[in-house]
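This is what each chain is made of:
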Amino acid sequence: MTAIVWERRRAAAWATWREFASHRGGLVGLLGLGAIALLALLAPLLTDQTGLDVTRAPGRPFEPPSGEFWLGTDNTGRSVLLLTWWGTRVSLVVGLSATVLSVLIGTLVGVAAAHFGGWTSALLMRFTDFFLVLPSLVLAIALSTVLPRGLGTIVLAIGATSWPATARLVRAQTLAVEARPFIERAKALGGGHAHVIGKHVLPAVLPLVFVNTTLTVAGAIIAESTLSFLGLGDPTQISWGSMLHAANVHGAVSQRAWWFLVPPGLGVVLVVLAFTMCGRALETVLNPRLKGER
Amino acid sequence: MGVRRRIGAVGAVVGLVVLPCAAPAQAQSPITLRVAITQQVDSLNPFLSITQAGTEVGRLMYDYLTAYSQADQRPVEGVADEWESSDDKLTWTFHVPDGKKWSDGKPVTAKDVAFTYNLMMRDPVAATANGSFTAEFDSVTATDDRTVVIRTKAPQATMLALDIPIVPEHVWSAVQNIGEYQNEAVPVVGSGPFVLTEYRANEFIRLTANKDYWRGAPKYDELVFTYYKTVDAAAQALSRGEVDLVNRMGPAQFDSLKGKEGITLNKANGRRFNEIVINPGAATKTGEPIGDGHPALKDVVVRRAIAQAIDLDEIIEKVNGGYAQRGTGLIPPVFPDFHLDKPNPERVYDPAAANKALDDTGYRRNAEGTRVSPEGRELELRLIGHASRAYDEQTGEFVKRFLADIGIVVDVQIVSDNQLNESTTAGTFDLAFSGWGTNPDPESILSLHTCAQRPNADGKGGTTDTFFCDAEYDALYAQQKAEFDLAKRSEIVKRMQQRFYDQVPSVVLGYDNALEAYRSDKFAGFPLQPEKGGVIMAQNGVWGYYGATPTDNAGRSSSGGSTALVIGGGAGALVVLVGGAWLVSRRRGASAGERE
Amino acid sequence: MIGHLARKLGGALASLVFVVVLGFFLFRVIPGDPVVAMTRGRPVGSAQIADLRARLGLDKSLGEQFLDYLVNAARGDLGTSYVYNRPVADLIGERLWPTVLLVGTATALAVVVGLWLGIRGAWRRGSRFDRVSTGVALTQWAMPTFWLGMLLSMATGDLFPTGGMRYPDTPPDFLSQSLDVAHHMVLPVITMVAVVYAQYLLVMRSSLLEEMHADYLVTARAKGLRDDLVRRRHAVPNALLPTVTLVFLHLGLVVSGAITVETVFSWPGLGLLTYEALTGPDLPLLQGTFVVLAGAVITMNVLADLVYRVLDPRVRAA
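These protein sequence lines are chains A, B and C, in that order.
Numbered by this note's numbering, the letters in the first sequence go through residues 3 to 296 in order.
Numbered by this note's numbering, the letters in the second sequence go through residues 4 to 599 in order.
Numbered by this note's numbering, the letters in the third sequence go through residues -10 to 307 in order.
Simulated from the structure, these hints should not be mistaken for laboratory data.
Hints may be right or wrong, so weigh each one.
[Claimed, not checked] Stretch by stretch, here's where chain C covers chain A in the computed footprint (C-beta under 8 angstroms, at least three residues):
| no. | region |
| --- | --- |
| 1 | 122 to 134 |
| 2 | 228 to 240 |
| 3 | 244 to 256 |
Remember, predicted model here, so these are calculated numbers, not experimental data.
Glycine is no exception: its CB is placed at the ideal position from the N, C-alpha and C atoms.
With the hints as constraints, model all of the structure from the sequences given.
Printed below as a string of structure tokens:
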């Protein structure tokens, strides 16, 4: 029986992939993401990390692009290309970790709110609604001011403020799934909460959660750059946000040092765009109501 | 649908009106000195204002009892023109001359002085900003309109450096609650060279020249401080001609203005220094150890080795962009009377010697190359810095590398200012960045390192910077406090700094240059204080603003004025027109559709 | 209807109370003695420190402080700023209008641009116009607001002011003043619009697409009504309502935008005030802006919901 289930799931996955591949935007996004992730992973192999050490900066401050420094140098004389390259790692890690946290909270709250009903549900939904309308950047700023500085704080601040949308989505989907007859049957057959949620609800909800994840990452990466820009990040870690913060603090605008400003921002745009395109394509594939619209 | 048409029409009309009107906006304007400030003016109430920008505006509005001369910062006439002290230095008599007037025409008298000081002694809220000056006052009385007598509980070295704006009694005696009084009712009655005439919080402050000022009227009509969020924006504003004077620039902005036409740079000796505090074994007043500083730092050999292994020149070159002077003592070269110019013996950057000193005293390296104290603890030190200061972050990396060369591992932690204050107050640090701005009188900066400044038994109430407690330093401190002869006092103060330098409770890294720039096409010159290597803004006085000389071009509106206004008006009109046109076209399209 | 109203208002009230409570506890977690932060860098005596503690109410227990805070907050007193030595409520009041002006203008423009492009895109879906406008919108949505602002300010050079809301030397008459403010507003408004409109475009486009598949439209077209007319008379108004409601629901996003845009362009509003408060850090001020911004968004949400109910007959009947 399990073999058949697996067979069926594999077939379904294959069909989903084929459909996804038919969306050019989604495919482009995926390829872009792959390339960026690969570059980030290979950074230690392809580049020399000592170039990141401010005390051994090879160039003069604010050198324009040249044969030696393709994207010029920053305020300390380090290569902007190298910094942007390495910055990808921290930006991606922060974006992904914050998303995992956010989706985890969102899924837990959403499933619980739908599955248990009654007071639990009402309370959880009240709570979710509250966080949904709270301006998330303001709360994230408050959190990162209060907590000790560091990447962990940024991850927490973003994760703790971006989950409500996921929670609502998951709740709606869970309600829809639990309304189906086979859940009734499972319950009648003596299936406990764990069984119903684990075996039936989660598998049905997860694809949607996955779509939501890709869109959340996009938001989280922008949030990271914004918080770092406002000076709430960890300045000892090189991320796109901290580069932009440095560019702002050290006068890249008045120096007309576009080479210091453009690359990290463009990095954010590309990654966010790639995640968004993937997410939209997935949404179309997995949400039949939208089919044929794009 | 009628609404839409109306909107379109209004849009078009606004567009037509806007363009021609923009041009005549240029009127005959008074000669104005426009200054960019990047720091908050926290309050116009001189009893509350703490920030540099705020106190500077206070100085422009109100004279102090005495002033600091432009050439060498020695005491000169302020509200009072003559003074004398009793032999025991406990009674000071100041003479307020006839003829000085408040901006509303009433005479400035000794009663105003007595009123101001008494208010601060009576009302703790009025003591918020400058209370330290009057804390040791016993009584202040105006014996007549021209004479004020101040009695202090103990001899006070700052009697000719009382940085307290004297306010008019006839205005301030009516103020019920000092803490809630904003002092924004313009024109604000004052005695300084300028009168506050307009204040828009966080936008600008306008002061008008006091033509009746007793030292003589300023050479121009208005002084406007415009607020910019970042130094960068301020530097851009200067190069565009939106403002005439900028200070507090970073090396990057300063360099970017080099060689620009119509702009003159002023690289001045600053009043600030940066230091790395080394926790020499934090303790309370009673000697009870607090905090968790690394025990090896109690050993002066280790502290000296650390200081010797840090290459100050490289930090100045790379982090300060060359705009700083090598650090020695606690008082910067801008105050030559007290600056320790040549320490003796002087430390030079020498990692080999530092290594040898550590080797000789039993700090051996382990397998990883990290030194271990004779008690068996590895020399791994935390270095905490301010997240708000880029300097700390960069310098931290250099220090990490320098100390690695002598087998000391440094973990740089950049934390919020609040956390840093908390750690340094509680002694829970090994190394920490710190920095101070200094006054012409060295009293307060020297006092920070005396035993008495350490916290109470409960670990609270300390204002020490370093937890330094040294009998020799404290003895010299008491000596200089009672010494009123400048040459002798200067000698003692230098000996104190030498002691501090030898004991290394902190490594003074360098004295930042104050980087300023002005439009020399609008203003020919600004008096510097001190005359040699001095600053224009943030002086101990307002000579820079007061003595500025406009050129013939100064009256003309700049590119920041009307041309930009036309462009702005044009852009605004364009938006409205396009919007209007769109609405109109939509309307047409709609009627065409409906008519069928 | 009345029951719904009561429930909504009750919920909003609960949220507001929660924001106020959260505002208190969030900013008490922070390590560090505020008095040390306030007096750092100035010589102060211990008597002065004790006096400051008493004035700030720090000598009381946490419970008493909380009660004081609640009573004061109910009276509109949000404490005293460390940096400015002034009531937080005054500071916020002073900065409110510049933000309303900037955010209002930008939101209005973004709505107009977003809806218009969204409608056109949906109507001609799959066309080059649709693909380009959707692509551009997505790209702009992917941009960090502050980055776009910095780029614009670098690219436009001397055309626009570096920051602030007006020049001090502008003549005081109304027209010159308004023009000057408009001139200063151009870049911040463009920046905000560029990032925000994408959301409206996408929502309008997809809700219109959904609407166009509705049965009544198919019927209308089958009756032989012209496409144009169907679109304008039926589809657009019906799709417009949820979108406009969404505009209000997404005000949180606009508030975030205001913080970064005001920081980049030194616009003297609430966003810049928040930034200043967090660089202090000036905790009472940060707490005040947090409560006010969150409260404003919650209030706007309730309003949006009510307006929606009044305007949309389908929901009203339900």
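Consistency of the hints with the structure:
With 3 residues bearing a CB less than 8 angstroms from a CB of chain C, the region 122 to 134 of chain A meets the requirement of three and the coverage assertion stands. Counting residues of the region 228 to 240 of chain A whose CB lies closer than 8 angstroms to any CB of chain C gives 5, which reaches the minimum of 3, so the coverage claim holds. Counting residues of the region 244 to 256 of chain A whose C-beta sits closer than 8 angstroms to any C-beta of chain C gives 5, which meets the bar of three, so the coverage hint holds.
In terms of the numbered hints stated before, the structure departs from none.
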